[in-house]
Amino acid sequence: MSDRKLPRLLQTPAVVLLLIWMLVPLSLTLYFSFIRYVLNNLRRPEWTTPSFSNWRGFGNYEFVLNSKDFLFAIQNSLLIVGSILFLTVILGVLIAVMINRAFPGQGIVRVLLISPFFVMPAVNAVLWINMILDPVLGLQGLAVNGINDLIASLQGAPGIGWFFSLWPDVAPISFRATQTSAYAVIIMVTWQWTPFAVLIFMTSLQSEDQQQKEAAVLDGAGALSQFRFLTLPHLARPIAIVVMIQAIFHLSLYAEIEIVSRGNGNKNLPYLIGEFANNNIGAASATGIFAVILANIVAIFLLRMIGKTLME
Amino acid sequence: MGRIVLENVTKSFGDAQVIPPLDLAIEDGEFAVFVGPSGCGKSTLLRLIAGLEETTSGKIQIDGEDATQVPPSKRGLAMVFQSYALYPHMTVRKNIAFPLRMAKMDQAEIDKKVEGAAKILNLVDYLEQKPGQLSGGQRQRVAIGRAIVREPAAFLFDEPLSNLDAALRVGMRLEISELHNRLNTTMIYVTHDQVEAMTMADKIVVLRAGNIEQVGSPLDLYHTPRNVFVAGFIGSPKMNIIDGPEAEKLGATSIGFRPEHTDVSTTEGKWKGRVGVAEHLGSDTFIHVHDTGLADMITVRIAGDIAVTHGDDIYLTPQMDKLHKFGADGLRMA
Numbered sequence: 000m001s002d003r004k005l006p007r008l009l010q011t012p013a014v015v016l017l018l019i020w021m022l023v024p025l026s027l028t029l030y031f032s033f034i035r036y037v038l039n040n041l042r043r044p045e046w047t048t049p050s051f052s053n054w055r056g057f058g059n060y061e062f063v064l065n066s067k068d069f070l071f072a073i074q075n076s077l078l079i080v081g082s083i084l085f086l087t088v089i090l091g092v093l094i095a096v097m098i099n100r101a102f103p104g105q106g107i108v109r110v111l112l113i114s115p116f117f118v119m120p121a122v123n124a125v126l127w128i129n130m131i132l133d134p135v136l137g138l139q140g141l142a143v144n145g146i147n148d149l150i151a152s153l154q155g156a157p158g159i160g161w162f163f164s165l166w167p168d169v170a171p172i173s174f175r176a177t178q179t180s181a182y183a184v185i186i187m188v189t190w191q192w193t194p195f196a197v198l199i200f201m202t203s204l205q206s207e208d209q210q211q212k213e214a215a216v217l218d219g220a221g222a223l224s225q226f227r228f229l230t231l232p233h234l235a236r237p238i239a240i241v242v243m244i245q246a247i248f249h250l251s252l253y254a255e256i257e258i259v260s261r262g263n264g265n266k267n268l269p270y271l272i273g274e275f276a277n278n279n280i281g282a283a284s285a286t287g288i289f290a291v292i293l294a295n296i297v298a299i300f301l302l303r304m305i306g307k308t309l310m311e
Numbered sequence: 000m001g002r003i004v005l006e007n008v009t010k011s012f013g014d015a016q017v018i019p020p021l022d023l024a025i026e027d028g029e030f031a032v033f034v035g036p037s038g039c040g041k042s043t044l045l046r047l048i049a050g051l052e053e054t055t056s057g058k059i060q061i062d063g064e065d066a067t068q069v070p071p072s073k074r075g076l077a078m079v080f081q082s083y084a085l086y087p088h089m090t091v092r093k094n095i096a097f098p099l100r101m102a103k104m105d106q107a108e109i110d111k112k113v114e115g116a117a118k119i120l121n122l123v124d125y126l127e128q129k130p131g132q133l134s135g136g137q138r139q140r141v142a143i144g145r146a147i148v149r150e151p152a153a154f155l156f157d158e159p160l161s162n163l164d165a166a167l168r169v170g171m172r173l174e175i176s177e178l179h180n181r182l183n184t185t186m187i188y189v190t191h192d193q194v195e196a197m198t199m200a201d202k203i204v205v206l207r208a209g210n211i212e213q214v215g216s217p218l219d220l221y222h223t224p225r226n227v228f229v230a231g232f233i234g235s236p237k238m239n240i241i242d243g244p245e246a247e248k249l250g251a252t253s254i255g256f257r258p259e260h261t262d263v264s265t266t267e268g269k270w271k272g273r274v275g276v277a278e279h280l281g282s283d284t285f286i287h288v289h290d291t292g293l294a295d296m297i298t299v300r301i302a303g304d305i306a307v308t309h310g311d312d313i314y315l316t317p318q319m320d321k322l323h324k325f326g327a328d329g330l331r332m333a
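Heads up: the protein sequence lines correspond to chains D and L, in order.
At position 169 of the first sequence (counting the first as 1) the number is 168 in numbering that gives the first Met the number 0, and the numbers step up by one without a gap.
At position 135 of the second sequence (counting the first as 1) the number is 134 in numbering that gives the first Met the number 0, and the numbers step up by one without a gap.
These aren't lab readings, by the way, just hints derived from the structure by calculation.
Small disclaimer: the values here were computed from a predicted structure and weren't measured.
C-beta atoms are modelled at their ideal positions from N, C-alpha and C, and glycine is treated no differently.
The reader is advised that the hints may include incorrect statements.
[Stated by the list, open to error] Under the rule of at most 30 Å between Cα atoms (straight-line distance), these lysine-lysine pairs were calculated in the DSSO-like manner:
| hint | chain 1 | residue 1 | chain 2 | residue 2 |
| --- | --- | --- | --- | --- |
| 1 | L | Lys93 | D | Lys307 |
| 2 | L | Lys112 | D | Lys212 |
| 3 | L | Lys118 | D | Lys212 |
| 4 | L | Lys248 | L | Lys321 |
| 5 | L | Lys58 | L | Lys93 |
| 6 | L | Lys111 | D | Lys212 |
| 7 | D | Lys307 | L | Lys129 |
[To be verified] Residues of chain L placed beyond 10 Å of chain D at every Cβ, according to the derived structure:
| hint | residue |
| --- | --- |
| 8 | Phe12 |
| 9 | Gln16 |
| 10 | Pro20 |
| 11 | Glu64 |
| 12 | Ala77 |
| 13 | Lys112 |
| 14 | Gly135 |
| 15 | Arg149 |
| 16 | Asp164 |
| 17 | Arg207 |
| 18 | Glu267 |
| 19 | Arg273 |
| 20 | Val276 |
| 21 | Asp312 |
| 22 | Asp320 |
With the sequences and hints as input, model every part of the structure.
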């Protein structure tokens, strides 16, 4: 065994660094979640320094569970992550299959397709909510106005006017309103992350065995059958990778939610943590632990589902 | 039924014509082998028949009907690929059933046919495994099974054995030949290995640069090669081909004699040479003879054994009745 000593020794710095990197924040979070720890409290100034004498047991967890936003935040986190995953995977597969053939301007199209991924999340959110989704000044407002004007002008037209006078005015959707702000976040993040899915699926498609496809052609498989029985199973693993990576990223969405509605009607767990962390570090830490648990449940659930449906 | 006729078929990739106008008929139930060195267009020809490549001009008939514009799936042909082209995420059962499933066949019928094919090919124990868990030979059998269940008009094999090791190759060769005897379906088989061609074929088509050099039964090709290329390509070890004065004496540009049609003596004979390498196979001995003044090296084959070692003098006498004479154009002289 002594000949293993040198390799072990050489690995030690990396392992120790990783342990510190992971364990210190996690154990600090755990520690804070079990004590009373606030940033500012004039009546009980001793709570402003973390210490075991402020032990609260599961009190912070109880407090978080009973707070009115907690269940909503979990629901909303799942809605946002689930919708984004669903949309990016479907769009990603379709676009990847579409551009995985030779056509003029292929290089430019590919670069353009990837470019949303290089936009910073906060910039992305500002662009979308102000320039595209805004009900008055954004593209949405302009489009809605245009449609309304068109209908109004057609209502006076002879012959078909009666038909268009039955149409109501189209009302623009306010994406800052509480119910719809989650959809705004879903739309903008889907736009930003579809290129990531396309990129991964495209590389995978390029490694698809062409002789298998020829065999399938001879076996009488049409384009749809080839997609269903060859391409989709071939993409099962990259889809799993895309889903995993995106689930990790989107469970911690923050910037978009902050910019779209400042959390009005649209909170997820990280945003809730942020709100607690304005003062109550204990509750924020407890929420953080809940977030870790949620992330693990989501990951296990998603992987099982993908494994079953695609790997056959 | 599976009579396949090619009329004036050509194929070009861009400006490069890889198959010049070519005519060929393969009879129903025949085992035809396309053989030639790599890059001779034999695989392209097979893919033209399968419909995986479009013919540039000319006609392909299958069973008397023009199939030139018929899509590959409607030609009623089944193909076995060099890389097996199995569907990696499906079990053996699903792989074999795939063409039937695509034909929307009844599930009970599919099961029956898959079981039948599995029995013929000794795959019954492997039906629930995935291709990745099988050996090369088993994978090749699955690919053949997938072809059999369709009951095609003809089977197309594209170098199916070249990914197998030598021992397995001999075994699979026999299995495919037996399969042909049992099914009596037309088979077209592409290989670069003349041993496979000689052992399996009813009809060999020798190709070079897209041109058909000769069509005939294995023994036709062996006994009366039409030109120098076929003479050198068919037979193992290769025929010895000699140019120069010795050939001119017989009124030919070059003469050829097979290693096994040469008498060898350590004392007397027509040509004297020096033993280079002697390969003792037990049943036969191949001797590579140098310094004959005829060619760089002459190979001779002796049944049984002969006591010679490197550097010994040796005398060779070709059997005159089995000598092949070729003219200046490379063609056989009557």
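We went through each hint and held it up to the structure:
no.: 1; hint: L:Lys93 x D:Lys307; verdict: holds (17 Å)
no.: 2; hint: L:Lys112 x D:Lys212; verdict: holds (23 Å)
no.: 3; hint: L:Lys118 x D:Lys212; verdict: holds (27 Å)
no.: 4; hint: L:Lys248 x L:Lys321; verdict: holds (16 Å)
no.: 5; hint: L:Lys58 x L:Lys93; verdict: violated (35 Å)
no.: 6; hint: L:Lys111 x D:Lys212; verdict: holds (26 Å)
no.: 7; hint: D:Lys307 x L:Lys129; verdict: holds (16 Å)
no.: 8; hint: Phe12; verdict: holds (15 Å)
no.: 9; hint: Gln16; verdict: holds (23 Å)
no.: 10; hint: Pro20; verdict: holds (26 Å)
no.: 11; hint: Glu64; verdict: holds (18 Å)
no.: 12; hint: Ala77; verdict: violated (7 Å)
no.: 13; hint: Lys112; verdict: holds (14 Å)
no.: 14; hint: Gly135; verdict: holds (15 Å)
no.: 15; hint: Arg149; verdict: violated (8 Å)
no.: 16; hint: Asp164; verdict: holds (21 Å)
no.: 17; hint: Arg207; verdict: holds (25 Å)
no.: 18; hint: Glu267; verdict: holds (58 Å)
no.: 19; hint: Arg273; verdict: holds (49 Å)
no.: 20; hint: Val276; verdict: holds (40 Å)
no.: 21; hint: Asp312; verdict: holds (54 Å)
no.: 22; hint: Asp320; verdict: holds (48 Å)
The structure is inconsistent with the numbered hints 5, 12 and 15, although it conforms to all the rest.
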